[in-house]
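Based on the provided sequences and hints, a complete structural model is requested.
The sequence shown maps to residues 1 to 425 in the UniProt record's numbering.
Treat the hints as calculated values from the structure; they're not laboratory data. None of the values given here were measured: they were computed from a predicted structure. Glycine included, each C-beta is placed from N, C-alpha and C at the ideal position. Mixed in with the good hints, there may be bad ones.
[To be verified] Simulated crosslink set (DSSO-like; lysine-lysine; CA at most 30 angstroms straight-line):
1. K179 - K89
2. K114 - K144
3. K211 - K244
4. K144 - K179
[As the list claims (entries may be wrong)] Derived DEER-like restraints, expressed as beta-carbon distance ranges:
5. H288 - R164: 48 to 56 angstroms
6. E86 - H180: 26 to 34 angstroms
7. R420 - F307: 43 to 51 angstroms
8. R164 - R306: 40 to 48 angstroms
9. W2 - Q111: 16 to 24 angstroms
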Amino acid sequence: MWIPTPEDTVFIVISFEGPDPYSQAGGLGVRVTGLTRALAARGFPVHFFFLGDPDLPPREQSGTLTLYRWGQWISRYHRQGVYSGEWEKRGDMEQSLTPFVTDTIAEPAFQQQKRVVVLAEEWHTASIVIQLSDTWHAQGYRDKALFLWNANHRMGLHHVDFSRLGYVATLTTVSRFMKHLFWNFGIDPVVIPNGLDASAFEPVNPSEVLKVRRVGGAPLLVKVGRFDPDKRWIMALEAMARLKAEGLAPRLLMRGGMEPHGAEVMGRARALGLSVTEITLSGTVDHHMALNTIAEAPAADIVHLRFFLPASILPVLYRAADAVLVNSGFEPFGLVGLEVMAAGGVAITGATGEDYAQPFVNSLVLQRDNPAELAALIRYIGDHPTEVEHWRAEAQQTARSYQWDHVLNQLTFQIGVADRLSGQA
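See the structure below:
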């Protein structure tokens with residue numbers, strides 16, 4: 001069976017989100033950034049199209065990875081982030097991407113007798129996949145191309161013409177939970193999980209962990225994510241209030257997003273009688289600035305970090321916390337939970353797409369939509385320190401099996417299977 005190699009295959013990756021801070025709104029940006037870097041590290045030529053920062057170069061190359069910051073002329077008018085002006089950006093992508101990709105990347109590759117594999121993400125790109133397939137079919141190249149379209153979330157699925165998309169592409173998703181959800185659409189996608197960069201396993205500096213611990217809290221909790229009701233922020237606050245009522249002194253380091261639900265979350269914190277300190281920083285925030293700011297935070301039940309956290313600071317927070325609350329009610333995969341485990345942290349996850357979570361082995365899993373259970377799990381961590389240390393070690397071991405290098409083996413195998421099946425059609 002044919003399996004792609006750097007000598008015979010060119011990858012084209014299409015996504016709204018990407019590596020720029022402007023381009024990241026959730027796990028998708030982290031996913032595609034890690035995926036494209038991992039493919040390039042194996043030597044594959046990779047062309048990555050995304051809605052990038054309007055002030056950065058439109059095209060940027062590093063080794064075999066080429067970044068294309070698409071739609072910058074629109075993004076200049078929508079500086080709030082990647083999904084600001086979403087429909088205009090999607091329309092521009094649909095109109096302009098297919099001819100550019102065909103003329104500058106695909107056709108030269110086809111003429112060199114190479115295969116082209118298109119990896120497209122989320123509902124925004126579904127129509128582009130269909131366009132590319134139709135265009136290359138008309139040009140006589142379709143048998144030299146393979147398409148994989150991935151759903152990292154359920155959002156926007158009602159916009160997708162699955163009857164056409166499923167005909168031209170192999171549909172994939174990131175967890176068994178999402179696979180089952182797709183059965184409601186009459187679709188049976190292939191599961192290829194998200195992965196982690198090797199940098200996720202770099203040792204966390206113990207002195208920096210101790211510095212974060214100076215924030216206080218018994219227990220010290222961390223929660224990072226979008227202000228989305230699915231993330232169950234309000235449940236986390238209600239669990240904190242219960243712990244306070246039981247005589248503990250919990251402290252929560254939290255970093256949310258710009259979503260409107262944030263106002264509801266902070267209103268609930270005040271209603272529960274939880275004290276809040278908000279910390280803002282202007283300009284570019286580096287690792288040491290963020291670390292020192294967090295360590296010197298004024299005492300409060302909730303320390304709300306209202307500035308961009310450098311990626312390097314997150315493992316420190318995860319390792320320093322007694323528990324990291326990734327207690328989502330709906331999680332297609334739960335990349336943050338896996339990152340927590342890679343750092344040697346204790347994740348309390350939800351019970352949906354987090355295939356990696358094994359309760360009381362490498363993490364804790366919240367089974368009920370009830371803050372009382374979350375509070376009980378947090379209490380259990382404080383009452384069983386020796387057991388928890390074993391979980392931390394197991395968590396890191398589990399996370400290593402999700403390194404991108406391992407995940408790419410699954411991906412390239414499934415591309416080979418898709419090629420074989422297309423030959424039988």
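Evaluation of the provided hints:
Simply put, K179 and K89 have alpha-carbon atoms about 28 angstroms apart, close enough for the 30 angstroms limit, and the pair holds. A threshold of 30 angstroms between alpha carbons decides the hint, and for K114 with K144 the separation of about 7 angstroms falls inside it, so the pair holds. Distance restraint check for K211 and K244: the Cα-Cα separation of roughly 24 angstroms lies within the 30 angstroms cut-off, and the hinted pair is therefore satisfied. For the hint linking K144 to K179, the alpha-carbon distance of about 28 angstroms falls within 30 angstroms, and the restraint holds.
Checked against the hint of 48 to 56 angstroms, the C-beta distance between H288 and R164 comes to roughly 51 angstroms, which is consistent with it. The hinted window of 26 to 34 angstroms between E86 and H180 holds, with their beta carbons roughly 28 angstroms apart. Checked against the given bound of 43 to 51 angstroms, the beta carbons of R420 and F307, roughly 50 angstroms apart, stay inside it. At about 43 angstroms, the beta-carbon gap between R164 and R306 stays in the expected band of 40 to 48 angstroms.
Between W2 and Q111 the CB atoms are about 20 angstroms apart, so this pair conforms to the stated range of 16 to 24 angstroms.
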